[in-house]
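Colleague: Sequence:
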Amino acid sequence: MLKHIVLFKFAITASERQIEQALAKLGNLKNTTIPQIKSFSFGRNCSPENLNKSFSYAFVMEFLSEEDREDYLKHHDHIRVASDDIMHLTEDGINSVIVLDYKF
1 MLKHIVLFKF
11 AITASERQIE
21 QALAKLGNLK
31 NTTIPQIKSF
41 SFGRNCSPEN
51 LNKSFSYAFV
61 MEFLSEEDRE
71 DYLKHHDHIR
81 VASDDIMHLT
91 EDGINSVIVL
101 DYKF
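Each residue of the sequence shown is one higher than the last, beginning at 1 in UniProt numbering.
There may be inaccurate statements among the hints.
Unchecked claim - Mimicking BS3-like on lysine-lysine, the simulated pairs with C-alpha atoms at most 27 Å apart in a straight line are:
| hint | residue 1 | residue 2 |
| --- | --- | --- |
| 1 | K103 | K9 |
| 2 | K3 | K103 |
| 3 | K3 | K25 |
| 4 | K38 | K3 |
| 5 | K9 | K30 |
| 6 | K53 | K25 |
| 7 | K9 | K53 |
| 8 | K38 | K25 |
| 9 | K103 | K38 |
Derived by calculation from the structure, the hints in this document are not laboratory data.
Using the sequences provided together with the hints, build the complete structure.
Modeller: This is the structure:
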């Protein structure tokens, strides 16, 4: 199994509604065109530690294998949602994204 964790710094002009709709659209790919996504969740930072360095939202996906993750990463629907619905909401494009994956 593999966890795929993505953190975002969204622009001050991006509304909570816009952000949550965009992330929900990404998560919906699990139920429509990318069944390799075994689980998906997202949320707004709620840590009291104040160590988020302005990263305000995250999502977590689970995949059964590295191959399944690779299928997701290359899938045209993932690329479309990321570029059309999410990236324009970030503070500074790809510089406002952190990705970390690990096996468990």
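Colleague: A separate judgement is required for each hint: does it hold in the structure or not?
Modeller: For each hint, the structure was consulted:
Distance check on the hinted pair: K103 and K9 sit about 25 Å apart at the alpha-carbon level, within 27 Å; holds. Distance restraint check for K3 and K103: the Cα-Cα separation of roughly 6 Å lies within the 27 Å cut-off, and the hinted pair is therefore satisfied. Among the hinted pairs, K3 with K25 is consistent with the structure: their alpha-carbon atoms are about 19 Å apart, no more than 27 Å. Between K38 and K3 the alpha-carbon distance is near 10 Å, which keeps this suggested pair within the 27 Å criterion.
Between K9 and K30, the direct Cα distance comes to roughly 24 Å. Compliance with the 27 Å bound is thereby established for this hinted pair. Distance restraint check for K53 and K25: the Cα-Cα separation of roughly 25 Å lies within the 27 Å cut-off, and the hinted pair is therefore satisfied. Only pairs whose Cα atoms come within 27 Å are accepted, and K9 paired with K53 is accepted, the gap being roughly 9 Å. Restraint check for K38 and K25: the C-alpha separation of about 16 Å stays at or below 27 Å, so the hint holds.
Of the pairs offered as hints, the one joining K103 and K38 holds, with about 14 Å between alpha carbons and a cut-off of 27 Å not exceeded.
Of the numbered hints listed earlier, not one is contradicted by the structure.
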